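*Asks:* Here's the letter readout for the chains.
Protein chains: 2
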Amino acid sequence: MRRAALITALLLIATPVLAAEPADTAAALRDKALTDTLAWTVLEDLTTTVGPRLVGTPGMARAKDWGVKTFTDLGFTNIKVEEFAKPAWIRGAESASITGPYPFQLSIIGLGGTVPTPAKGIEAEVVVFKSYAALLAAPVGSLTGKIAVVNQPMTRTQTGEGYGAAGLARRSGPSEAAKRGALAFLMRSVSTSDSRLAHTGGTRYAEDAPKIPSAALGVPDADLIERLAARGPVRIKLSLASTTDPKGVAWNISGEIAGSGKPEEVIIIGGHLDSWDPGTGAIDDASGIAITTAAAKLIGDLPRHPRRTIRVVMWGSEESGGSSEAYLAAHKDELPNIVMASESDLGADRIYALMLPKDAMKQPSLAELSTVLAPLKIFVSRDPAPFGGADVEGLQEAGVPVFTLRQDASRYFDLHHSADDTLDKVDPVQLNQNVAAWAALLFMLADSDADFRAKAP
Amino acid sequence: MRRAALITALLLIATPVLAAEPADTAAALRDKALTDTLAWTVLEDLTTTVGPRLVGTPGMARAKDWGVKTFTDLGFTNIKVEEFAKPAWIRGAESASITGPYPFQLSIIGLGGTVPTPAKGIEAEVVVFKSYAALLAAPVGSLTGKIAVVNQPMTRTQTGEGYGAAGLARRSGPSEAAKRGALAFLMRSVSTSDSRLAHTGGTRYAEDAPKIPSAALGVPDADLIERLAARGPVRIKLSLASTTDPKGVAWNISGEIAGSGKPEEVIIIGGHLDSWDPGTGAIDDASGIAITTAAAKLIGDLPRHPRRTIRVVMWGSEESGGSSEAYLAAHKDELPNIVMASESDLGADRIYALMLPKDAMKQPSLAELSTVLAPLKIFVSRDPAPFGGADVEGLQEAGVPVFTLRQDASRYFDLHHSADDTLDKVDPVQLNQNVAAWAALLFMLADSDADFRAKAP
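One line per chain: the protein sequences are Y and E, in this order. Sequential numbering of the first sequence, starting at 1, is according to the working numbering. Sequential numbering of the second sequence, starting at 1, is according to the working numbering.
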């Protein structure tokens with residue numbers, strides 16, 4: 001009984017000390033985040049007052065001002081706007097219709113970066129392929145004078161990995177069709193939804209092929225064309241307009257929660273501020289902006305900041321590409337001080353796993369991470385993070401270790417890059433689960449001395 | 001043992017007799033329908049080869065030919081095309097955008113029958129109402145020079161009864177807004193979905209109010225306007241074009257499975273062939289056409305037809321109104337022989353209940369109906385059918401008893417009257433459950449002598 005009493009006494013003494021331990025602070029942050037309203041407020045404000053944010057548009061310029069004001073209002077420090085050159089592709093009027101066997105207005109959207117059609121449009125008979133592989137198997141010359149239509153579906157997965165296979169057709173399909181003689185390229189939207197709304201996304205023309213106009217079809221539209229083509233010839237008329245501003249610019253915007261011990265050591269997180277144009281970019285990626293900004297702000301409100309500096313970057317050109325490279329170029333000299341990086345860019349649905357740099361869980365300072373994240377139903381993967389996000393890819397390639405909080409992407413590609421990417425699609429409860437995970441994890445990483453760089457400076 | 005042997009012998013003898021009982025035939029029809037492919041074939045063919053079928057368009061004229069050919073190919077008899085006058089409203093180019101606080105392209109669709117805007121459009125500040133009741137509570141003159149926006153959501157229900165309350169704003173809202181001075185009327189789509197795609201549907205102008213242009217907004221668009229209006233003034237520009245052909249016509253098309261005993265007694269079933277224009281009218285109502293045509297065809301293939309005649313009517317103007325009245329006018333003399341009527345017009349999801357005319361289950365010839373429908377998980381309601389369908393409303397009001405097979409409408413209003421009403425939304429398994437129920441029920445009704453008319457002729 002004396003022994004038990006002694007333990008009790010020790011526990012009572014130990015409690016205040018334990019409360020200051022990083023894991024306890026992280027747990028308190030986690031719990032606070034679950035009922036915090038900041039992420040939703042940030043998300044609602046960006047999607048409501050700014051709207052679509054395609055690089056080169058007035059919307060993106062408004063977003064830049066919004067980003068600076070948001071960081072300022074929330075008390076972030078060392079706020080920076082880093083401008084970089086980014087030729088801007090801007091969508092014009094777009095339409096397509098079946099002209100035979102009967103007239104039918106199709107639901108389409110031009111792929112990002114597509115060349116326009118002539119003003120009078122392009123009208124031709126279609127050749128339908130049930131997969132991208134079938135298009136690749138078609139001989140050179142077999143599509144001369146035709147419009148190629150690829151109707152490859154996308155598989156729904158929790159990880160989102162179906163995007164890779166389906167996205168390949170979008171990125172490379174136009175040039176592959178052109179090499180075979182096609183006048184234009186149409187594809188089933190890279191989408192897991194059955195909505196008529198089409199999904200855009202960037203395409204890349206090869207150097208060795210004619211640049212042909214390219215658009216995505218609503219999923220049911222692609223199916224209709226395939227069913228009609230099984231009965232006889234189908235003709236389609238496509239009209240796409242767009243302009244490109246070769247002198248366009250974009251901006252990476254950042255704000256910090258300064259470290260209390262080693263402020264020169266920086267952890268970079270964030271989401272991307274730019275979006276595609278048909279929706280208001282709520283899941284892609286106002287959510288990432290809201291989650292990481294709110295998590296950092298919660299940490300900034302602590303009486304003691306963690307040792308390292310947390311920098312939130314609102315990336316300026318993820319969809320059109322280039323923010324990652326621009327950031328790396330501008331921060332080459334700072335590289336030895338960037339200890340870790342990650343991006344939130346897969347919507348706002350529940351996080352289910354954390355992936356850290358290799359051997360991270362051997363670090364004593366991170367030992368309690370599993371325990372802190374377990375109530376959020378997040379496990380710590382035994383595999384190292386393969387990827388930190390498109391906007392930190394430059395940093396990753398330059399040797400910065402990355403981590404990733406894996407989100408449930410099951411319904412992400414129902415909405416992604418379409419007019420349906422709007423605020424109402426975000427579940428506030430799941431959004432806050434994201435904030436809770438980011439806040440807890442970030443605090444522990446920023447307060448630790450764990451260093452995963454191959455060659456610490 | 002001798003007794004058991006006797007019973008066995010009696011059963012063996014009795015079996016062929018029992019097999020000829022209506023309930024057994026109905027059960028066999030039911031089971032055959034579950035694996036039959038005709039309904040899907042009809043549905044796929046109509047939505048693929050004809051497409052949208054708005055009254056007054058070439059699509060509806062093609063649908064008429066399709067209907068006659070389909071009845072002919074399937075061996076229906078007494079095929080009729082009954083033309084009636086139907087002024088045709090035809091949609092033109094439509095667009096709307098927020099012009100302030102920042103430009104944003106809205107997703108809209110004009111309400112059926114709306115007057116056009118002037119060619120240069122209408123631009124004005126909006127007044128947002130969170131419910132239709134709030135609009136009705138606004139004083140006369142309070143909307144002068146404004147665009148009224150009603151953002152009343154629709155409740156999802158299995159029965160579909162949320163449509164009544166939400167649909168009221170669509171039918172009467174434009175005139176009520178006009179009475180209060182509004183220049184134009186915009187409303188949240190009558191929809192249970194969160195898609196940007198807007199849902200159309202007919203509106204009716206009152207005689208005592210100016211006719212103002214009227215359109216439905218995508219659900220997220222209506223929410224965005226409400227959120228922006230909470231922050232400050234919102235201006236919208238609306239452009240709607242349309243034409244009306246006062247000399248338009250429509251057609252009710254019918255075909256029969258002739259009765260074997262009392263062929264002059266007719267049961268009228270069917271779906272409507274016309275559709276709204278943005279989709280291909282798969283759930284509304286190619287499904288009803290497919291279900292009732294396939295069910296009747298299965299009965300027509302029996303070695304012995306049921307006693308009464310089954311007439312399938314492909315109604316020609318449900319969405320624009322008028323087929324019910326036209327049919328009643330053309331068939332007034334036949335009324336004493338029309339013993340029952342019903343329409344399939346709520347998509348193709350699972351039937352969960354049958355409602356019959358009052359006291360129907362007291363009829364000995366229908367006693368086994370519950371048993372026949374039970375394997376399909378359909379119960380027979382103790383309440384009488386209140387409604388047989390919009391296209392048999394004229395017959396119902398003239399005294400023809402109606403029945404209804406109630407379908408699960410939980411997801412029907414996600415798609416109804418929108419561009420998303422396409423073939424891929426129909427579940428073939430549930431479609432066939434519908435066919436099974438219709439075939440089994442119809443056989444029993446048509447082979448019985450049950451008569452529910454207040455005053456049988």
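By construction, these hints were calculated from the structure, which means they are not laboratory data. Here the structure is a predicted model, which means the values were calculated and not measured. Please note that the accuracy of each hint is not assured.
If chains are identical, the list can't say which one is meant, so a pair holds when it fits in one copy or spans any two.
Taking lysine to any residue and the SDA-like style, the derived pairs with C-alpha atoms no more than 20 Å apart in a straight line are [what the hints assert, rightly or not]:
| hint | residue 1 | residue 2 |
| --- | --- | --- |
| 1 | K120 | A93 |
| 2 | K130 | A229 |
| 3 | K130 | E44 |
| 4 | K425 | R411 |
| 5 | K69 | I90 |
| 6 | K120 | R235 |
| 7 | K425 | R227 |
| 8 | K425 | Q152 |
| 9 | K425 | R156 |
*Asks:* Take the hints in turn and mark each one as holding or not.
*Replies:* Taking the hints in turn, this is what the structure says about them:
Proximity of K120 to A93 under the C-alpha cut-off of 20 Å is found in both arrangements, the shortest distances being 12 Å within a copy and 18 Å between copies. Taking identical chains as interchangeable, the C-alpha atoms of K130 and A229 lie at most 20 Å apart only when both belong to the same chain, with a minimum of 12 Å there against 46 Å between chains. Taking the shortest Cα distances, K130 and E44 sit within 20 Å of each other only across copies (19 Å), while inside one copy they are farther apart (40 Å). With identical chains, the CA atoms of K425 and R411 are at most 20 Å apart both within one copy (10 Å) and between copies (17 Å).
Proximity of K69 and I90 under a CA criterion of 20 Å is satisfied in neither setting, with 26 Å inside one chain copy and 48 Å between copies. For the homomeric pair K120 and R235, the shortest alpha-carbon distance inside one copy (15 Å) is at most 20 Å, but the shortest distance between copies (33 Å) is not. When the C-alpha separation of K425 and R227 is checked against a cutoff of 20 Å, the pair qualifies only between copies, where the shortest distance is 15 Å, while the shortest distance within a copy is 32 Å. In this homomeric assembly, K425 and Q152 come within 20 Å of each other (Cα to Cα) only across copies, at 18 Å, whereas the closest approach inside a single copy is 25 Å.
Both within a single protomer and between protomers do K425 and R156 lie at most 20 Å apart by alpha-carbon distance, with minima of 17 Å and 17 Å respectively.
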